[in-house]
Amino acid sequence: ALFSKTAIGTTGFNGQVMASLPPPTLMDILDGPILQDSDNNAGLYVVMRGAGSNGWNGAELWAGVDDASLEGVGTVQNAAVRGFAENALGNFALGIMDGINSLTVNVGDGELSSATRAALDANQGLNAFALGINGRWEYCQFMTATDLGNTGGGRRYTLSGLIRGLRGTIGNRGNHAANDRFVMLGLAGTLRPVWVYSEIGQSRLYRAV
Numbered sequence: 001a002l003f004s005k006t007a008i009g010t011t012g013f014n015g016q017v018m019a020s021l022p023p024p025t026l027m028d029i030l031d032g033p034i035l036q037d038s039d040n041n042a043g044l045y046v047v048m049r050g051a052g053s054n055g056w057n058g059a060e061l062w063a064g065v066d067d068a069s070l071e072g073v074g075t076v077q078n079a080a081v082r083g084f085a086e087n088a089l090g091n092f093a094l095g096i097m098d099g100i101n102s103l104t105v106n107v108g109d110g111e112l113s114s115a116t117r118a119a120l121d122a123n124q125g126l127n128a129f130a131l132g133i134n135g136r137w138e139y140c141q142f143m144t145a146t147d148l149g150n151t152g153g154g155r156r157y158t159l160s161g162l163i164r165g166l167r168g169t170i171g172n173r174g175n176h177a178a179n180d181r182f183v184m185l186g187l188a189g190t191l192r193p194v195w196v197y198s199e200i201g202q203s204r205l206y207r208a209v
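Mapping to my numbering: the sequence shown position 178 is 178, numbers consecutive.
Among the hints, erroneous ones may be present.
Unchecked claim - Distance windows between CB atoms, simulated: (1) 3 x 209: 46 to 56 Å; (2) 151 x 36: 32 to 42 Å; (3) 148 x 8: 54 to 64 Å; (4) 195 x 119: 28 to 38 Å.
Just so you know, the hints here were simulated from the structure itself, not pulled from any lab data.
Glycine included, every Cβ here is placed at the ideal spot set by N, Cα and C.
Work the whole structure out from these sequences, hints included.
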């Protein structure tokens, strides 16, 4: 009311386009049994993926005893398939395929696929996953992945035809709970930082960037 603008602005200006930030990196540290003989060292498995699929092109893992000593220990360019279990996987006897229990998982933007029993028997790394948390991981394989669609904030599958208690994780078959971590075991998005043996049992700080 106190000042009337009379000047006419020019035309032809473009609005500023801001580059979007990449999504944060999600990380799971698996302090569990080794997957192959070559990993018989003072290391552990770290799997990483983006919190969203758009703009995430990989990550670098930093590690050290404190913030001041963090240093890069490796990078990944592809995303691991990780998520959580919606139900608690029940206990089951060893020696035969678990045809009674099934597991419903949410893997975000990840994808799972089925395999034949013959293919699983020929390759223990095929459709292998870790279920639980540190201190009670169970390693398993699944034969059938039934796609439930993209609901509940991510893609959901029901896994059945389970081979249980792999790699010496027999004792954790009955220790599962809803919301357990679900991590596909493989090369995608996986690093194995290795320390010297004298550092086993020591605290380390990990940061995925």
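Each hint, compared with the structure:
1. The hint said 46 to 56 Å for the Cβ distance between residue 3 and residue 209, and at roughly 50 Å that hint holds.
2. Range check, residue 151 to residue 36: about 36 Å between beta-carbon atoms, so the 32 to 42 Å window is met.
3. Distance hint check: the CB atoms of residue 148 and residue 8 are about 59 Å apart, consistent with the given range 54 to 64 Å.
4. About 35 Å separates the C-beta atoms of residue 195 and residue 119, a value consistent with the hinted range of 28 to 38 Å.
Checked against the numbered hints above, the structure violates none of them.
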